[in-house]
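**Q** For the protein sequence lines, the chains are A and B, in the order given. First residue of the first sequence? That's 1330 in the numbering used here, and the numbers climb one at a time after it. First residue of the second sequence? That's 312 in the numbering used here, and the numbers climb one at a time after it.
Do not take every clue at face value.
What the hints assert, rightly or not - If we take Cβ atoms under 10 Å as the criterion, some of the chain B residues that face chain A in the derived model are: (1) D359; (2) L379; (3) T384; (4) G387; (5) E392; (6) T407; (7) R473; (8) A477.
Unchecked claim - Pairs of lysine to any residue residues, derived as SDA-like cross-links and limited to a Cα-Cα distance of at most 20 Å, are as follows: (9) K344/B to R329/B; (10) K462/B to L495/B; (11) K1477/A to K483/B; (12) K1400/A to L449/B; (13) K429/B to I1487/A; (14) K475/B to R452/B; (15) K1412/A to K1477/A; (16) K1477/A to F474/B; (17) K462/B to N1392/A; (18) K441/B to I380/B; (19) K483/B to I1479/A; (20) K1477/A to L495/B; (21) K1400/A to S467/B; (22) K1497/A to R329/B; (23) K1400/A to R469/B; (24) K429/B to I380/B.
By construction, these hints were calculated from the structure, which means they are not laboratory data. Please read all numbers here as calculations on a predicted model, not as lab measurements. Glycine included, C-beta positions come from ideal geometry on N, C-alpha and C.
Given next are the chains, with one letter for each unit.
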Amino acid sequence: MHALIVNTGKHKGKRIELPDKPIIIGRDETSFIRMTSTEVSRQHCSLTPTEKGLLVRDLGSQNGTIVNSVKIETETLLRPGDKLQIGPINFELAGAPPAKPVAGLDDDIFGWLSESDTATDIPNASDTTIVKAAQLAPPPPEPKPKFKTIADEARDIIRRHRESLEEKT
Amino acid sequence: MSTDGNIDPRLAPAIVHRILVVEDDRDEAAFLKTLLEREKYDVTIAKDAGQAHSMFVMRKPDLVILDLILPGTETGWEVCERLKTLERFMPVLILTAIELDDSRNLAVRVGADAYMTKPFDPAELLVQIKQTAQEVWLRSRADDSSGDEIKPVRFSCRCGKRFKVAHQHRGKTLTCPNCGEPVLVPRHE
Chain A
1330 MHALIVNTGK
1340 HKGKRIELPD
1350 KPIIIGRDET
1360 SFIRMTSTEV
1370 SRQHCSLTPT
1380 EKGLLVRDLG
1390 SQNGTIVNSV
1400 KIETETLLRP
1410 GDKLQIGPIN
1420 FELAGAPPAK
1430 PVAGLDDDIF
1440 GWLSESDTAT
1450 DIPNASDTTI
1460 VKAAQLAPPP
1470 PEPKPKFKTI
1480 ADEARDIIRR
1490 HRESLEEKT
Chain B
312 MSTDGNIDPR
322 LAPAIVHRIL
332 VVEDDRDEAA
342 FLKTLLEREK
352 YDVTIAKDAG
362 QAHSMFVMRK
372 PDLVILDLIL
382 PGTETGWEVC
392 ERLKTLERFM
402 PVLILTAIEL
412 DDSRNLAVRV
422 GADAYMTKPF
432 DPAELLVQIK
442 QTAQEVWLRS
452 RADDSSGDEI
462 KPVRFSCRCG
472 KRFKVAHQHR
482 GKTLTCPNCG
492 EPVLVPRHE
């Protein structure tokens, strides 16, 4: 049994238990983990449990599925501790099996979702986890932009280009 | 009404007649002019950003070949950004000595359609001119038929702030009210 831990936003640290069968993450209502962000495709990626970890497959999503900061092109094995980025949300594959029985977790998940979600937003709360992007903080900060303007960036590139020419000569 | 109404316009080749070459090196510009005129292109040379903009408006080229390091305060990337704001589907081919990946990335971000480094193979440049023009032509056709003109553009700042702006603002830069950084409205989906 695998579990994903939410690494970003309001629900940081929350644990989502996964079943022992392939699941789909996406915007579609039938997804096991449903995300409402427009950056997430209807059927974004699939997760297939294996003995070594979770096999992640991108389902032709528009913005891609990112494992450990790398956009995956083929099926990729997600091992405990690996990061999975889907749209604005970052998950981590939990390292150890859950201590709690699964039965009790639906209520927990429902509890933290229901803080702001209406019942109509949860078509099937027992097996669907809805994570609203709007509730979460922005994605993990990318490296800070070094430049204020295109001109600044351009001048820096020209400077580095000239330095590289001087090094060659 | 056109007599060839049954022909898919996307199959028609893009026609390039006038080329604007933005190049400050006199020898390089002369070489390019000779090379392109031999291929029956009508060539205009601009030596800096100011001339590039004037020539662009006056001559209305079909394609621009653009050096990145130009005399004066404005660089080729900025020229590209401005030209693309004026004419979104103007093919712009960067021809530069800069091989840095950051340079290529910035060129893409300001809307450049192709990037070639010097020294270049003249035959390759001629092929690239046709390819670039064709690709931009196809994109413009796809854009016309998809009805994108009325769709708002959705994009995000690096800080996570989301924007939705009218289609006609593509290529423009705005300041993010959240973090104060400049954000470029994406030129393409």
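**Q** Give a verdict on every hint.
**A** Against the structure, the hints come out as follows:
A least Cβ separation of about 14 Å between D359/B and chain A goes past the 10 Å threshold, and the interface hint is therefore violated. For L379/B, the suggested interface contact is upheld, since its CB lies about 8 Å from the closest CB of chain A, less than 10 Å. The beta carbon of T384/B comes within 8 Å of a beta carbon in chain A, closer than 10 Å, and the hint placing it at the interface holds. For G387/B, the interface hint holds, since its Cβ comes within 10 Å of a Cβ in chain A; the closest pair sits about 8 Å apart.
The restraint placing E392/B at the interface with chain A holds, with a minimum CB-CB distance near 6 Å, inside the 10 Å limit. At its closest, the beta carbon of T407/B sits 9 Å from a beta carbon of chain A; the interface hint therefore holds under the 10 Å criterion. Of the supplied interface hints, the one on R473/B holds, with its beta-carbon coming within about 9 Å of a beta-carbon of chain A, less than 10 Å. Given hint, A477/B at the interface with chain A, is violated; its Cβ is 18 Å from that chain's nearest Cβ, farther than 10 Å.
Straight-line distance between C-alpha atoms of K344/B and R329/B comes to about 11 Å, which keeps the hinted pair within the 20 Å bound. For the suggested pair K462/B and L495/B, the alpha carbons sit about 17 Å apart, so the restraint of at most 20 Å is met. For the hint pairing K1477/A with K483/B, the CA-to-CA distance comes to about 15 Å; that is within 20 Å, so the pair holds. Our distance criterion of 20 Å between C-alpha atoms is broken by K1400/A and L449/B, whose separation comes to about 28 Å.
Of the supplied pair hints, the one linking K429/B and I1487/A holds, its CA atoms being roughly 15 Å apart against a limit of 20 Å. For the hint pairing K475/B with R452/B, the CA-to-CA distance comes to about 24 Å; that exceeds 20 Å, so the pair is violated. With a CA separation close to 30 Å, the supplied pair K1412/A and K1477/A exceeds the 20 Å bound. With a C-alpha separation of about 19 Å, the suggested pair K1477/A and F474/B falls inside the 20 Å cut-off, and the hint holds.
For the given pair, K462/B sits about 19 Å from N1392/A by alpha-carbon distance, which is consistent with the 20 Å threshold. Distance restraint check for K441/B and I380/B: the Cα-Cα separation of roughly 24 Å exceeds the 20 Å cut-off, and the hinted pair is therefore not satisfied. Taking the CA atoms of K483/B and I1479/A, the gap is about 12 Å. The hint holds against a cut of 20 Å. Only pairs whose Cα atoms come within 20 Å are accepted, and K1477/A paired with L495/B is accepted, the gap being roughly 12 Å.
Proposed proximity of K1400/A and S467/B is supported: the alpha carbons are some 19 Å apart, at most 20 Å. A distance of roughly 37 Å separates the Cα atoms of K1497/A and R329/B; the hinted pair therefore is violated under the 20 Å criterion. Distance hint between K1400/A and R469/B is fulfilled; the C-alpha atoms sit about 18 Å from each other, no more than 20 Å. Between K429/B and I380/B, the direct Cα distance comes to roughly 12 Å. Compliance with the 20 Å bound is thereby established for this hinted pair.
Taken one by one, the earlier hints fail for this structure at numbers 1, 8, 12, 14, 15, 18, 22, listed in ascending order.
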